[in-house]
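**Q** Protein chains in written order, with the working numbering: chain A, 85 to 444; chain B, 85 to 444.
Computed footprint of chain A on chain B, listed as stretches where at least three residues anywhere in the stretch have a Cβ under 8 Å from a Cβ of chain A: (1) 240 to 251; (2) 303 to 315; (3) 318 to 332; (4) 427 to 433.
No wet-lab data here; the hints were simulated from the structure. Keep in mind that this is a model prediction, so the values were computed, not measured. Quick reminder that beta carbons are idealized off the backbone N, C-alpha and C, glycines included.
2 protein chains.
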Amino acid sequence: MTTPTAHAFSPGGMIVREMEPLNLEMPFGSLDGFITPVELFFVRSHFAIPDIDMKTWRLKIEGEVETPFELTYDELREMEPHTIPVTLECAGNGRAFLTPQAKGAQWERGAVSNAEWTGVRLADVLRLAGVKASASEAIFEGADEGEIKEPPGPAGKIHYTRSMPLKKAKDDVLLAFKMNGEELTPAHGAPLRVIVPGWYGMASVKWLTRIIASDKPFNGYYQTIDYAYWERGTSAPTLIPITEMQVKAQIARPGFADAVRAGEMYQVTGAAWTTEAEITKVEISTDGGATWDDARLLREPVRNAWRLWEYDWQVPFKPGKATLMARATDSEGRTQPAKRDDDRGSYIVNHCLPIEVNVR
Amino acid sequence: MTTPTAHAFSPGGMIVREMEPLNLEMPFGSLDGFITPVELFFVRSHFAIPDIDMKTWRLKIEGEVETPFELTYDELREMEPHTIPVTLECAGNGRAFLTPQAKGAQWERGAVSNAEWTGVRLADVLRLAGVKASASEAIFEGADEGEIKEPPGPAGKIHYTRSMPLKKAKDDVLLAFKMNGEELTPAHGAPLRVIVPGWYGMASVKWLTRIIASDKPFNGYYQTIDYAYWERGTSAPTLIPITEMQVKAQIARPGFADAVRAGEMYQVTGAAWTTEAEITKVEISTDGGATWDDARLLREPVRNAWRLWEYDWQVPFKPGKATLMARATDSEGRTQPAKRDDDRGSYIVNHCLPIEVNVR
Numbered sequence: 085m086t087t088p089t090a091h092a093f094s095p096g097g098m099i100v101r102e103m104e105p106l107n108l109e110m111p112f113g114s115l116d117g118f119i120t121p122v123e124l125f126f127v128r129s130h131f132a133i134p135d136i137d138m139k140t141w142r143l144k145i146e147g148e149v150e151t152p153f154e155l156t157y158d159e160l161r162e163m164e165p166h167t168i169p170v171t172l173e174c175a176g177n178g179r180a181f182l183t184p185q186a187k188g189a190q191w192e193r194g195a196v197s198n199a200e201w202t203g204v205r206l207a208d209v210l211r212l213a214g215v216k217a218s219a220s221e222a223i224f225e226g227a228d229e230g231e232i233k234e235p236p237g238p239a240g241k242i243h244y245t246r247s248m249p250l251k252k253a254k255d256d257v258l259l260a261f262k263m264n265g266e267e268l269t270p271a272h273g274a275p276l277r278v279i280v281p282g283w284y285g286m287a288s289v290k291w292l293t294r295i296i297a298s299d300k301p302f303n304g305y306y307q308t309i310d311y312a313y314w315e316r317g318t319s320a321p322t323l324i325p326i327t328e329m330q331v332k333a334q335i336a337r338p339g340f341a342d343a344v345r346a347g348e349m350y351q352v353t354g355a356a357w358t359t360e361a362e363i364t365k366v367e368i369s370t371d372g373g374a375t376w377d378d379a380r381l382l383r384e385p386v387r388n389a390w391r392l393w394e395y396d397w398q399v400p401f402k403p404g405k406a407t408l409m410a411r412a413t414d415s416e417g418r419t420q421p422a423k424r425d426d427d428r429g430s431y432i433v434n435h436c437l438p439i440e441v442n443v444r
Numbered sequence: 085m086t087t088p089t090a091h092a093f094s095p096g097g098m099i100v101r102e103m104e105p106l107n108l109e110m111p112f113g114s115l116d117g118f119i120t121p122v123e124l125f126f127v128r129s130h131f132a133i134p135d136i137d138m139k140t141w142r143l144k145i146e147g148e149v150e151t152p153f154e155l156t157y158d159e160l161r162e163m164e165p166h167t168i169p170v171t172l173e174c175a176g177n178g179r180a181f182l183t184p185q186a187k188g189a190q191w192e193r194g195a196v197s198n199a200e201w202t203g204v205r206l207a208d209v210l211r212l213a214g215v216k217a218s219a220s221e222a223i224f225e226g227a228d229e230g231e232i233k234e235p236p237g238p239a240g241k242i243h244y245t246r247s248m249p250l251k252k253a254k255d256d257v258l259l260a261f262k263m264n265g266e267e268l269t270p271a272h273g274a275p276l277r278v279i280v281p282g283w284y285g286m287a288s289v290k291w292l293t294r295i296i297a298s299d300k301p302f303n304g305y306y307q308t309i310d311y312a313y314w315e316r317g318t319s320a321p322t323l324i325p326i327t328e329m330q331v332k333a334q335i336a337r338p339g340f341a342d343a344v345r346a347g348e349m350y351q352v353t354g355a356a357w358t359t360e361a362e363i364t365k366v367e368i369s370t371d372g373g374a375t376w377d378d379a380r381l382l383r384e385p386v387r388n389a390w391r392l393w394e395y396d397w398q399v400p401f402k403p404g405k406a407t408l409m410a411r412a413t414d415s416e417g418r419t420q421p422a423k424r425d426d427d428r429g430s431y432i433v434n435h436c437l438p439i440e441v442n443v444r
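Next up, chain A with everything else stripped away, as it sits in the complex (with noise of 0.2 Å):
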């Protein structure tokens, strides 16, 4: 039995979506554990990394609170701190296999990590103000800011912002300032990010600096014209913020068009998460869907975080093709389709990925 072992933690380093602002992909051919490291967890931003000067940075809470305020950096490190980990994925990741192309950051399967994060809970904020029972959701504002080039947007210059009910606020919510133990990095959104287990990544706001209670609900830009989806009712389509990520398992190696020995047995690694469940089952085919046979699931689950899995593959001894599909099952019984759903545009995209490989 041959397992590939080699994968450093950089093999060849991160891959490049686009420089200014920075996006970076996980070489997700380098999944190597539970945890991602820092230098290897995938960067998502949508303006210049902010400047930000910590003798002057406040997070500032306000709207339908009772008191409104303002918090040094010190102040919050000297609240309770509480450590989680949580797997992040880009609403947009996989986006890369969509045909035809669509619009944004062309991710392929790299466009997900999990790390630890240690921070305080939001809703340990939020008491400290006291939000009246008016308000409905909360809007959490990056120092980040930038022009929307391409209409239908707004005039000028706009923060990062986005905004979550207040339910899921006071929930299970951190505002990190540590990842994997070290101090929040600049591209990961130091000095504060917004935690939200099970959420797509564009709800964990990073460089947070305001928070806001509201009474009303809040169209932003980053959930109506972007990471917005249409849902099909009895009605015509109406457009939803996209929160929860959907359950998904990814096939780490073999990646594609990889070479694999006629008549080894290979080891099929991959990792599968889902949202405010656990992952009970990931299938695997090696016929391109056609029988399916279950993956070993490693160590204990974990809510809101990735669980690794692996799967013994006879490769054929006859040399040619073949294609691979992974395909997760979570505790509330939802399993990833077979196809796409097109009124979900760029993102979300989860149904099961055929990875090709060369039998030699």
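Position chain B relative to chain A; hints supplied.
**A** Just chain B now, with coordinates in the frame of chain A:
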């Protein structure tokens, strides 16, 4: 005193903005009375005019109602009819004057017209259905359908659809089958068109076939990606569906680059309109906005219909250029702004528009 009078109903016909779908502009220089003749009333379509079989046509009322039901055309015509004059302005009227050029049909001044509409009160139809207390808005669906080619749009075909709060729906909205006393024509939405007094034209859904009472906010394509604008509060810009028309006066004559005779008395004419209020003042500037003088308002004001006005202009004796502007004020104290608000994108063009003419 020279008064232009020889403007026939169709002085050279409608201005074609698009043939498929049909988008025709009223030649606004032909403004000749309170009521716009059907053949000069602007036509705004999003998809092809639908083929409607009156044998099978029904108006369906469903969703959050006690008694979902259908009405035949004959049943509708047996209900109590009401006639009201209503001015409709396309939310993109005046777009051609924006720089840089804005997206969409390049309407000049003629995507506005005024007609007398006859139909049944939407409130009466809703009363028959018994709208539940849980419902907050009503969705209106037209028979017209097609594909949105440009992202972000839903996949496949959609119907033209728009919603409004039930408060407005139960107030003064009409379901019209006649226009200026004649049967509604296909281009204007036959057999049945929603007429929403005081709102931009996109709310007056043509070829109506379905009304859905809803207990959730409807974020359809035509009130988010299209026909929406950005509102800036204390937080980031939030997307708002376009609804009420903004106070506006338009000069009908002279037109752009018209020649006027040096030294003559020229009768400047035009119309002014607003929402849920009356036009109380129209001012004219003949020196590019430096000084203003009151125009004469004609007839009595009619709520949610335009008001015609005229102004006697002593044309300068010296040949050259002159720049005319009109500015309306309504009974709520709202006045046309001097400058464009860029957050309105390609819509709600109601800043004072300079009309430059040649004095010869």
